[in-house]
Structure formats: C-alpha cells, structure tokens
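Undergrad: Sequence:
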Amino acid sequence: MLSSAALAVSSSDFFLEFLMSASPLSPPDGIDTGRLDGASKLRIYSALGVIVLLTGLVPLQYIMVASAMQKVARGFPAVEANVSWALILTVLVGAAAAPLVGTVTDVYGKQRVLVAGGFLFTVGCLIDALTHDWALFLISRGLQGLSVATVVAAVGLLRDLMPRKLVPVAMGLMVAGGTLAASLAAVTGGFLVDRYDWPAVFWFLAIFGVISTPLVWLLVPESKLRVRQRINPADVRLLTIGTVLVLLYLNKVYDWGWFRPTTWALLIGGVLLLALFVFVESRMSSPLMDLALLRQPKMIMILLINVWAQPSSVCRHPRPAISPKAPARHS
Numbered sequence: 004m005l006s007s008a009a010l011a012v013s014s015s016d017f018f019l020e021f022l023m024s025a026s027p028l029s030p031p032d033g034i035d036t037g038r039l040d041g042a043s044k045l046r047i048y049s050a051l052g053v054i055v056l057l058t059g060l061v062p063l064q065y066i067m068v069a070s071a072m073q074k075v076a077r078g079f080p081a082v083e084a085n086v087s088w089a090l091i092l093t094v095l096v097g098a099a100a101a102p103l104v105g106t107v108t109d110v111y112g113k114q115r116v117l118v119a120g121g122f123l124f125t126v127g128c129l130i131d132a133l134t135h136d137w138a139l140f141l142i143s144r145g146l147q148g149l150s151v152a153t154v155v156a157a158v159g160l161l162r163d164l165m166p167r168k169l170v171p172v173a174m175g176l177m178v179a180g181g182t183l184a185a186s187l188a189a190v191t192g193g194f195l196v197d198r199y200d201w202p203a204v205f206w207f208l209a210i211f212g213v214i215s216t217p218l219v220w221l222l223v224p225e226s227k228l229r230v231r232q233r234i235n236p237a238d239v240r241l242l243t244i245g246t247v248l249v250l251l252y253l254n255k256v257y258d259w260g261w262f263r264p265t266t267w268a269l270l271i272g273g274v275l276l277l278a279l280f281v282f283v284e285s286r287m288s289s290p291l292m293d294l295a296l297l298r299q300p301k302m303i304m305i306l307l308i309n310v311w312a313q314p315s316s317v318c319r320h321p322r323p324a325i326s327p328k329a330p331a332r333h334s
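In my numbering, the protein residues as written are 4 to 334.
These are calculated hints, taken from the structure and not from any lab test.
Ideal Cβ positions, reconstructed from N, Cα and C, are used throughout, including at glycine.
In silico DSS-like pairs for lysine-lysine, Cα to Cα no more than 25 angstroms straight-line: (1) K168 x K227; (2) K44 x K227; (3) K168 x K44.
Taking CB as the label site, the calculated pair distances span: (4) G37 x G272: 41 to 49 angstroms; (5) R46 x V283: 39 to 47 angstroms; (6) A138 x Y111: 25 to 33 angstroms.
Whenever a hint applies, use it, and build me the whole structure from the sequences.
TA: Structure (structure tokens):
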C-alpha cells in the first residue's frame, strides 16, 4: 500500500491539474483583465513566485499534518480512532468548497479571495498549535480546508495576469511547485515532530501563512475580470451537503461495513442531492459551475482519483498506537 505521503503527492498533482483544466486557457480576447504585459520582469516573476508559493500550501499542510498524526493522537487520547478526522475534515471541507470558489472569485475578486484564504489558514494553524480542545481543533482544521479550496483563485490569477506567452510556463511551475512542496513536507514534518512534537507542525504552517499571505496582498495585483452573477444559496447547500455525504460514505464504509443502513443512507442521500444539484443547475442561465466539465473523460478520471486517493486512503490507515504513558503534549 502506498504511504499517505506518496498518495498526497500524487493526488495534489491531479488536484492542480483539475484546477487548471476547469477554465478556459485564458480570458477571451478584448477583455481587460489587468494582464502584466507592460510590467517589468521583476514585477511579473515576483507575482508568479508568490502565487506558486501559496499553491504549495495544498500538499504541504496535508502531508505535514499526516506525519504528525501519531503524536496528535497522544495529545488527544480520549478521541482514539476519531483522530483521523484531523485529516478527513480538511479534505471534506476543501472538496465541498472548491467548486464554489470559482464563482465567488468572479464576484468578489481572485486576489481578495486568495488573501482571505491565507488569513483563514493562518488563524486555523495558530488555534491548532495552541488548543487543548478537540472540537476546536477540528473546527480549525475545517478553516484550513476552506483555505485550501481558495487555491482555485490562484489559477485564475495566473491566467488573468500573466502575459499570454508565459501562461503555460506559469501553470507548469505551479504543478512543479506543488510536487516540490509535497516532497519536502514529509521530511520537514517528520523533523519537526521528532524534535519538537506535533504543535511545531502547526507553528511552521502558521509562519508559512504569515509570510505568504501579505506577499500576495503586496505583490499580486487584483484581476480586473468580473462576472456579474447571483449566487443561489440553495444550490450551494445542495452541492455542499451532497459532496460531504458522499465523501463521508467513502471514509466510513471501511469502518461501518458495506451493508449497514447508515452507510447506504449516506451514499443514497449524497447521490440524490448531487443529482438534484445537476438537474437544477442544468436549467440555470448562470450556473454555479460549468457542468460540461464533468462530462469530459479527463475530468472524470481526475475526480475519481482524487476521491479515492485522498479520503479513502486516510480511513484505510490503521489507528496510531497510543501509549498510556505518553505525555498529553508539550507545553
């Protein structure tokens, strides 16, 4: 079986590829998006470097936290097997929020959404580094999952701001940066956990957020591209709840069993809600997301790999062994 780190490296590549394929190669000709055509090379590559830096957050946080799971279990001994929710919840929230972020960025601005995501990520990491309460720990992990979904905005910024000839290069650098971050995350996370215990992982991630988020605000201009559309709260609820139910099914089916009524209720409920979402969206003049993308074979393959590689791999990992004599955590 592949390690969680290997799975995360692979799935993060597919995730970034999905984001890059989920919109046109570039905005239509004749639309002013604020492209940096006349800017200096320093200006262009500074913006590119900061965006690539922040997109590395996706594999970085997942793998570093995965490397700390055994120590996290010792810090919260009462939760026992439920410690895996520290990883599962981030995936659930990120998967549910990702399809919505594109619409939000079109309305409020891509740079603003990316900065807001970095802020939420930093706050979530700080809380996790300090808290002794399991419920608050999970809420903060949810904030981090929400911030990961805002990486969708980074793809849009690259396509709106980079000179057209640099767009393919920028996309390649984004994928390469994510792979590099994933490769370094396992080593860095293991070192921090062994040397300083698990809160050090969240302190490191918080520092990462403190550095990268202001850089986005200072060095990355806002895209001028806006799409006027109304966000329907009912559609958001259908997509979010349906996605969460299906991913919960994939995560818990190995623990609960294939034929338990609760398991089937999650799957059937999630599929029905998602089917209703597709039905409603197909009749909207301004849909929340482009449903045509979901019919492309490449998109179907990428989505299936992400669904099975991330959530189900977490639940198949055995529960970390918890020593009764292990300290709760370092102060």
